[in-house]
Each structure stands twice: as C-alpha cells, then as structure tokens.
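S.K.: Each chain is listed here by its residues.
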Amino acid sequence: MTGNTLLSVEDVTVNLPTPRGNLRAVDHVDLTVGAGRTLGVVGESGCGKTMLSRAILQLLPKKAKLSGRVMFDGQDLLRLSPEKLRKLRGRSLAVVFQDPMTSLNPVLTIGTQLIETLQEHLELDDAAATRRSVELLAAVGIPAPEQRLAQYPHQLSGGMRQRVAIAIALSCEPKLLIADEPTTALDVTIQAQILDLLAREQRRRHMAMIIITHDLGVVAGRTDEVAVMYAGRVVERAPTPDLFKKMRMPYTEALLAALPRLDAAPHTPLPAISGRPPDPTRPLRGCSFAPRCRYAVARCQAEKPALEAAETSAHQFACFHPIEAHAGADV
Amino acid sequence: MATLELDVAEEAVSQPVRKGRRLGLLFWAAIGWMTFVFAVAVFAPVLPLPSPTDMDMLERRAPISAEHWLGTDGLGRDELSRLVHGARISLVVGLCAPIIGLTLGGALGMLAGYFRGRFESTVVGSMDVLLAFPPLILALAVTAYLGQSIFNLTCILGVLGVPAFMRVARAATLTLARREFVIAAQALGATHARILLRELLPNVILPLFAFFLLGVAVTIVVEGSLSFLGLGVPPPISSWGSMIGEGRESLDVAPRLAFMPAAAMFLTVLAFNLVGDTLRALTDPRQGAL
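Protein chains in written order, with the numbering used here: chain A, 1 to 331; chain B, 1001 to 1290.
Source of the hints: derived by calculation from the structure; they are not laboratory data. We put the CB at the ideal spot given by N, CA and C, even for glycine. Treat each hint with caution, since some may be false.
Footprint (simulated), chain A over chain B, 3 or more residues, beta carbon under 8 Å [unchecked claim]:
| hint | segment |
| --- | --- |
| 1 | 1029–1036 |
| 2 | 1193–1202 |
Restraint ranges, calculated between C-beta atoms of paired labels, are given here [stated by the list, open to error]:
| hint | chain 1 | residue 1 | chain 2 | residue 2 | range |
| --- | --- | --- | --- | --- | --- |
| 3 | A | M71 | B | A1193 | 22 to 32 Å |
| 4 | B | L1267 | A | T189 | 52 to 62 Å |
| 5 | A | G217 | B | F1115 | 24 to 34 Å |
| 6 | B | R1280 | A | Q119 | 26 to 36 Å |
| 7 | B | T1122 | A | R294 | 14 to 24 Å |
| 8 | A | R294 | B | A1193 | 27 to 37 Å |
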C-alpha cells in the first residue's frame, strides 16, 4: 500500500426511481484507489458495478439520486461545478466501456474522434494532434496507424475498436482509468491482449485503474486489490492474493467455484449459484446473499452484516459466518 | 497471435477503403435529368426563348411548330418558355422550403431529443398543434394577409414542413443519445454543444438528408397543388402547378397543355427520389454495421 490515495469513494449510495419503486443500485459503498494502483470490482450483472463507475464519473442518469462523497485528487466531485467537472473528465479521469461497437461514434472516422478529443483538452494544432493520434494508435498496438485514421469504426474488428477506445481514453494522460467490462464483448484470445495492453499502459503512465468485470479470472494477477460486489454492496474486499488464498465471504467462494477449471475432468458440471439476486427495488432485511447462501442461518435473514476487517485491516468482508469459521463446524 | 492479427490487418488496409459500387443507368439518367432541369432553370433568361408572358391571341393553342417548339397555351404564350420558367419557381420553392424545415425542424428536434424534459414537451406540443392545423387554411390565411408571392409561398411550405423534420430529428436523437458513445464523449469532458454538433449531428443528418430529398419532391408537388388551386405564385408568372391548372380548361382540345408540365414534374420528383435513395445508400458509413 504505497502511494497516496487518488480516489476515495465514501458511503456512496445511488437510488434510481423506477415505476416499480425505488431501486437502490449502489448501497453505502466505500472504496479507495491509490495513485498508480489497480482495483478490481467483481460482481454479477445488475449488482451495481456500472452504476458505481457512473457515480464516480458523475454520469448517472438524470433521475438518479446520489449521496455520499467521491474524493478525487483532493476534490469532492459531487460539489464540483459542471465546468470544472467537465475539464476533469478526460483530462484526469477517463473511461473505457464494455462494447466497442457502441462506444465509438459510427459516422466519424477514428482520426476525427481521436483528434477532437485531443484538441478539446490540450492546445494542439491539427498537425500536432494528428501526430499524437498516430503515436497513440501505435502505442495501443494498431498496425498502420496512419491509414487507420481515415477509417470508420465499422471497418475495424472488435478488438481493434476496443484498442481505439483505449487510445482515446489514454489520449490526455488521465490519472485514473475506469475500465467498465473492457473485455466482455471480445473473444477470449483478444481479451488477454487487451488486458495486457491496459496493464502495460498503466505501468508506463503510472495511472490508477479500476477494472470492473464479472470475471474473477480477469482480476486475478492483474489487480492489486479486489472488491466483490453483490446487490449494490461491497461484500468482500481484499488485496488480490489474499482474496484468492483465503476468501471469507461465501459469495466470493461461490463465484470462484463457478469458474471453469482446466484441471477438472471433461464434462464436469459447473457449480452454478442457485437462485437469482434479490429484487433491488425490494431490499431484504438481512444479508442480501442469504437466500442463496448454503451457510445461511436465521440471523442472516434478520440482520445485515457490516463490512468488517478480517486478520488484516486490508481484508474486509460482510458475513456472520465467514468460510473459515465453518470449516470445522458445519461440514 | 499478435503476428496473425498484423497480417490480417495489413491485408485489409491494402484494399481500397471505398469500393466503387455500380450506380446503374437509372441513377445516371436521374442525375442527367436533374442537371438538365437545373441548367435550364438557371440559364432561362439567356436562353433564346420567347417571353413566357407575351400573349398572342391569334395563335392560341397553336400546335408544335418551328416557332413554338411545344406549341402555345390557351392565351397564346409559348409553352416551352413557360415550362422552363416554371422550373425556376418549382426548384426555388421546392429546395428553399425544405431547407427551412430542415434547419428549424432539425435543430428543434435535436435539442428536444437531447435535453428532454419541459423543453421537449413544449416543442412536441406546439408541433402537434401545427400538424393539426389544416395546411390549406394556413396557406389561404397567409396569402390573404401577406399577399401572394414566391417568398410567402416558400415560407408557408417551409413552416409546414418543420413538424415532420422535427419528428425525424427527435426520433433519431432519442435513440442515439442513449448510445454509449455519447456517454463516452461526456466521460471525456465534451460540452453539450460539442456532443450535439460533433457527435449527434453527423448521425442525425443522414436520415434528415434522406428525408430532405423526399421533402423536395413532396414540396414540388404541393407547390403545384397550391398553384393549381390559385394559391401559389401570382399570375402571370408560370409554375408547373399553375400550368396544369390552366391546361385543365382545355383538356379536351389540347391535353398536352396539362400533361407536359405534369410530365416535367413527375420526372423531376422521380429523379430527386432516385438520387436521394442512392446517395443515402452510398454515403451511409454504417452499412449494415450496428
């Protein structure tokens, strides 16, 4: 844990009014990211990962209500004027989205999109911006970058498009890059390339990164710290090696068990997590994972466990019956 | 893995980016006709044509001759000259009115679709009122108070086109504004003006332009109808619509007087539609993607 804190999310709650009632997408989340560090946020679809990233960027839907504090580089993003916030985005905060098919403008060339982003934030003339764009495209591993500038997004493959999206995000040397499921829409071989690219550029530019994903395999070995989210809450948070070595939260265990393993015999069925996440418009009184948890007892239904420290203060989890305590008692 | 991708990519780059598509004879015929009509309309005053308004009562409804290539109308005016001068009116009104609609309607629709909220309700509401208002009554009222002139006619037809353009622009903006590239632009610190002009407009302009060419075709016909009803350009200026109207009186003796301007209008409208469709298909870089 070296370096000072770049981003700290304090007690952030996001409420979305829906026709079926109030939807609590993010529920009292606390997170910190140090400068140059990588945080993985893992969770299944609908657990609030994307809403959390939008909350950090202040890009929530208009109707959403946000409370808490988002401190970035010493400034409270929630209290920043729209103009200051706009300058901060892109310049210090950047984002890469899940689907490179839709995150690039379909009717503008790659060059236009890159050059305009550059000129929006940095005072560059056309020639300098073009030169810089070519450098950026080359840096993200795009062959023949000069020709690519004149091409439209639909003329590139999915992997190439994601590289372009990364080049645009990196264009103004942000201090924090939020990668929201950057590899979900890509096939497996390209996924590794994109993740390696992100890691390489992160080291080179010494920027902090938040990788949001549903795939524990993506965060393993590529992040310093992992936060596991379930139903809008962070249920376990630990330095990456600790999390994989001695996870405490049954949900993390279940997620990891659901990953296909190379050493398993062929046709081994994957242990899926039974049931479905709770309806976010009708919050449960107790632990939100209790209905699907095989260790759940009466107390889990009645009370919400708080996020508490395990052996080290870096490893936190929210469970009354963490896994190690079960090892002897239950099985 | 990386090398494999490199090879594939180089191959793709070496191919021409824009493949020439066969445009077909019909497209070129349409372009030819449009060019011809435009040229004739622009150069009408310098062409060696008789005056379109000089009457010759001794030669009423004269047949085709060396002096009058397409004969004369019911008042002995040269039919060819009137057709050529009519083209000027039809094109000026047919192009200017949709430009008014495109500019006003497009801007309103994009703002409404992007900002939503009360502004959108106001815009959509007032457009619904305008749509519900009988267009012919509006045209009558305006020409009664402000007089018949090409300028007034263009303005009426332009304003009448605004709701349709607004709806096309708003519908396109609504779907586009939810796309990730708009959020990505916001995340990169783009202003509202930049998102509207640089991110959304290039997308919205494609359906709008296709609609514009359709609008030109429709406006030419509507201008014809209004002139036919006597609400269009004031006589003795000729327009295709008023020529059809005048030709109607002698439909039994000289049907060509109504059919020739009708044919000119038909061909021009058809040409606009053909060219519009082809151009849209050619310039749309989204071709199947998305």
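S.K.: Now tell me, hint by hint, if it's right for this structure.
M.R.: The hints, checked one at a time:
Judged by the Cβ-Cβ criterion of 8 Å, the segment 1029–1036 of chain B is not covered by chain A as claimed, because only 0 of its residues qualify and three are needed. Counting residues of the segment 1193–1202 of chain B whose C-beta sits closer than 8 Å to any C-beta of chain A gives 4, which meets the bar of three, so the coverage hint holds. For the pair M71 (chain A) and A1193 (chain B), the beta carbons lie near 30 Å from each other, so the given range of 22 to 32 Å is met. For the pair L1267 (chain B) and T189 (chain A), the supplied restraint of 52 to 62 Å holds, since their beta-carbon distance comes to about 57 Å.
A hinted range of 24 to 34 Å is violated for the C-beta pair G217 (chain A) and F1115 (chain B), which are about 42 Å apart. In this structure the supplied range 26 to 36 Å holds for R1280 (chain B) paired with Q119 (chain A), their Cβ-Cβ distance being about 30 Å. Under the hint 14 to 24 Å, the C-beta atoms of T1122 (chain B) and R294 (chain A), about 57 Å apart, miss the expected range. In this structure, R294 (chain A) and A1193 (chain B) break the distance hint of 27 to 37 Å, their C-beta atoms being roughly 55 Å apart.
Hint compliance for this structure: hints 1, 5, 7, 8 are broken, all remaining hints hold.
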